[in-house]
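Whenever a hint applies, use it, and build me the whole structure from the sequences.
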Amino acid sequence: GAVVSQHPSWVICKSGTSVKIECRSLDFQATTMFWYRQFPKQSLMLMATSNEGSKATYEQGVEKDKFLINHASLTLSTLTVTSAHPEDSSFYICSAGLAGALGETQYFGPGTRLLVL
Amino acid sequence: GENVEQHPSTLSVQEGDSAVIKCTYSDSASNYFPWYKQELGKRPQLIIDIRSNVGEKKDQRIAVTLNKTAKHFSLHITETQPEDSAVYFCAASSGGSNYKLTFGKGTLLTVNP
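Protein chains in written order, with my numbering: chain A, 1 to 117; chain G, 1 to 113.
Among the hints, erroneous ones may be present.
The list that follows gives simulated cross-link-like pairs (lysine-lysine, DSS-like), each with its CA atoms no further than 27 Å apart [what the hints assert, rightly or not]:
#, chain 1, residue 1, chain 2, residue 2
1, G, K57, G, K22
2, G, K58, G, K71
3, G, K105, A, K41
4, G, K68, G, K42
5, A, K41, G, K22
6, A, K64, G, K71
Derived Cβ-Cβ restraints for the label pairs, each shown as a range [said to hold, decoys possible]:
#, chain 1, residue 1, chain 2, residue 2, range
7, G, G41, A, G100, 40 to 50 Å
8, A, M45, G, L40, 11 to 21 Å
9, G, L46, A, P86, 27 to 37 Å
10, A, K14, G, P8, 36 to 46 Å
11, A, L68, G, K68, 34 to 44 Å
12, G, E56, A, C13, 13 to 23 Å
13, A, E52, G, L46, 20 to 30 Å
14, G, G1, A, L68, 17 to 27 Å
Think of the hints as simulated: they come from the structure by calculation, not from any bench. Every residue, glycine too, gets a C-beta built ideally from N, C-alpha and C.
Right, dumping it as structure tokens:
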């Protein structure tokens with residue numbers, strides 16, 4: 001149980017294009033989904049928190065117009081990197097929160113590696 | 001906001017030895033402390049977690065201890081195996097409305113055969 005998928009796993013795009021990444025909770029409904037960015041040999045940096053049907057909450061320093069998040073259902077959240085540039089190249093990982101009796105647990109997707117040329 | 005410090009950044013042990021990774025946190029309101037294992041290029045996988053109503057939790061070779069007074073928690077792996085080699089991240093959350101996690105910087109554990 002608690003499986004999270006992410007698509008695509010790899011994407012290479014030209015500078016200036018937009019890229020959409022999907023995050024799905026396959027066997028549970030996620031009250032909250034989270035988007036992280038991870039640079040090589042570094043920790044996970046939270047970009048934004050997404051709740052179904054409401055606007056995402058962005059962390060300080062993350063441009064909301066650059067990284068558009070849509071959370072249309074309890075099993076799907078999307079991150080769109082708009083007008084991507086080489087500095088946006090990174091490993092993007094989503095997680096989905098599974099509510100339990102004692103609280104919520106985050107389960108991670110497999111990540112999407114973005115390379116902007 | 002919450003700040004999580006993790007030590008050591010790298011740890012090398014011989015197969016069969018124990019490994020201990022320590023984390024401290026700053027927000028006394030934090031009440032949930034998960035540990036994730038991340039192999040190269042893969043997703044972080046939850047290996048164990050502890051909530052503030054207990055001081056210790058075990059799952060086979062893995063255990064986590066929590067000292068709320070001192071605001072630190074530790075991961076203990078006994079009888080280490082080469083497949084335990086990975087980066088381990090601790091995290092802390094104060095719960096609330098969105099259970100946001102603050103991660104430590106990670107520990108690269110290498111288990112030498």
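**OP:** Confirm or reject the claim that A/L68 and G/K68 have a C-beta distance inside 34 to 44 Å.
**Re:** Holds, at about 39 Å.
Original post:
Are G/K57 and G/K22 close enough, with their CA atoms no more than 27 Å apart?
Top reply: Judged against 27 Å, a Cα distance of about 15 Å means the pair holds.
**OP:** Using the beta carbons of G/G1 and A/L68, state whether their distance is inside 17 to 27 Å or not.
**Re:** Distance hint for G/G1, A/L68 holds at roughly 24 Å.
**OP:** Mind checking the alpha carbons of G/K105 and A/K41 for me, to see if they're no more than 27 Å apart?
**Re:** 9 Å, holds
Original post:
Taking only the CA atoms, is the gap from G/K58 to G/K71 under or equal to 27 Å?
Top reply: Status holds; Cα separation ~19 Å.
Subject >> A/K14 versus G/P8 beta-carbon gap, inside 36 to 46 Å or not >> reply: Since A/K14 and G/P8 have Cβ atoms about 41 Å apart, the given range 36 to 46 Å holds.
**OP:** Starting from A/K41, check that the Cα of G/K22 is at most 27 Å away, please.
**Re:** Given that 27 Å is the threshold and the Cα spacing comes to 19 Å, the pair holds.
**OP:** Please test the hint of 13 to 23 Å on the beta carbon pair from G/E56 and A/C13.
**Re:** About 48 Å separates the Cβ atoms of G/E56 and A/C13, which means 13 to 23 Å is violated.
Subject >> Whether the CB-CB distance between A/M45 and G/L40 falls inside 11 to 21 Å >> reply: Given a distance of about 18 Å, which is inside 11 to 21 Å, the answer is holds.
Original post:
Does 40 to 50 Å hold as the CB distance between G/G41 and A/G100, or does it fail?
Top reply: 29 Å, violated
**OP:** Please work out if A/K64 and G/K71 have their alpha carbons no farther apart than 27 Å.
**Re:** 33 Å, violated
Original post:
Between A/E52 and G/L46, does the beta-carbon spacing fit 20 to 30 Å?
Top reply: 22 Å, holds
The structure fails to meet hints 4, 6, 7 and 12 from the earlier list, while all remaining hints are met.
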